[in-house]
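Student: Sequence:
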Amino acid sequence: KACGQAARENGQTICPACSAAVNYIEKYRPELAQQLMSAASPMITHARLLKQQLGADAKVVFIGPCVAKKTELERPDAAGAVDVALTFEEVSEWLEKSGISINSCEESAFDGTPQAHSRIYPLPGGFLKTAGLEEGVAQHSTGSVSGAREVKDVLQSPPQEVILEPFFCREGCINGPGLKSCEGLLQRRLSVAAYAEEASRPRPEEHFGNDTRAKESGAPPELSTEALREHCAASFSPKPFKSGAVYSEE
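1296 is the number of the first residue of the sequence shown in this note's numbering; add one for each residue after it.
Rather than coming from a laboratory, the hints here were simulated on the basis of the structure. Every value quoted in this text rests on a predicted model; they were computed, and no experiment measured them. There's no promise every hint is true.
Straight line, CA to CA, 35 angstroms or less: simulated DSBU-like cross-link-like pairs of lysine-lysine [as the list claims (entries may be wrong)]:
id, residue 1, residue 2
1, K1447, K1392
2, K1346, K1475
3, K1475, K1354
4, K1424, K1392
5, K1424, K1322
6, K1365, K1424
7, K1365, K1354
8, K1365, K1447
9, K1365, K1346
10, K1447, K1424
11, K1475, K1322
With beta-carbon atoms standing in for the labels, derived distance ranges [said to hold, decoys possible]:
id, residue 1, residue 2, range
12, V1379, R1444, 16 to 22 angstroms
13, L1349, P1472, 29 to 35 angstroms
14, G1306, V1386, 17 to 23 angstroms
15, E1391, E1326, 30 to 36 angstroms
16, E1402, D1378, 38 to 44 angstroms
17, G1375, N1318, 18 to 24 angstroms
18, L1349, N1398, 26 to 32 angstroms
19, G1350, S1403, 30 to 36 angstroms
20, L1481, C1400, 27 to 33 angstroms
21, F1383, K1354, 28 to 34 angstroms
Yeah, the Cβ is synthetic: ideal placement off N, Cα and C, and Gly gets one too.
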C-alpha cells in the first residue's frame, strides 16, 4: 500500500525491494533516484515490526541469499532495524563448523504464517503481487526485469508510466550469490510455487493471537493495519552518489 501510494501521489515508479538495484541506481543512475518508491524494503519493515512486537532490545538477524542486504542495514534511513545480515551460505558454514546438521534438527512452524502472495516475493513479479501492484496503479502498468545486464539496459531509458520491478539477480532472489543449491533455477521456482500453494491450506494454529499455542507461548498479537502502514510508509530516502564514478560494463 505504501508503494501504491508512492506511485499515485509522487509518481515514483521503481520498486525499492532489490538492494543491489537501489545501490546501482544511486551510484550510476542518480538522476533516477527520486523515482525509487519512498517505502522501506520488506527486510527493514519486517525488522521494525519484530522490534515493536518483541521489544527494542531484541536482536534481529536477517538470513537470505543477498549480499547487498549487508550494505542496506547501514543506511541512515534503516538505522537500528536489522542488527546483522547473513547469507544462507554463511549460515551453512557456521553450522558445519559448529557440528550441527540441519537434517537432524527438529522441524517447527513459523511463529506467524506467511500469507499467500508474500511467499512468491523471491520471484520476478513477486514484489509487485505482494504489494498489490501487479495490475498497476492509476495510469501505470507494471513490468519486472531480472538479471544485471537486463536491469542496466532498461535503466538506460526507463519506460514511461510503467511501475518497474528490477532484480539484479537473474530469476530474482532464488539466484542470489549467497545461496548454494544443487537444484537448478526451474526447480527452485517450482519449490517456491509449491510453498505459495501451501497458503491455500492454512493451519490456524500457526497464527499469532489465534490459537492455544500462541497464547501459551506468550506470542504477541498481530499488529493493526495502521501500525503496518506506519512502519512501511515514507521510510526510504534515496541518496544519490556524487563521487563522479565512471560506469563500465566490465
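Student: Of all the hints numbered above, which does this structure not satisfy? Sort the numbers upward.
Tutor: Hints 1, 4, 12, 14, 15, 16, 19, 21 contradicted; others consistent.
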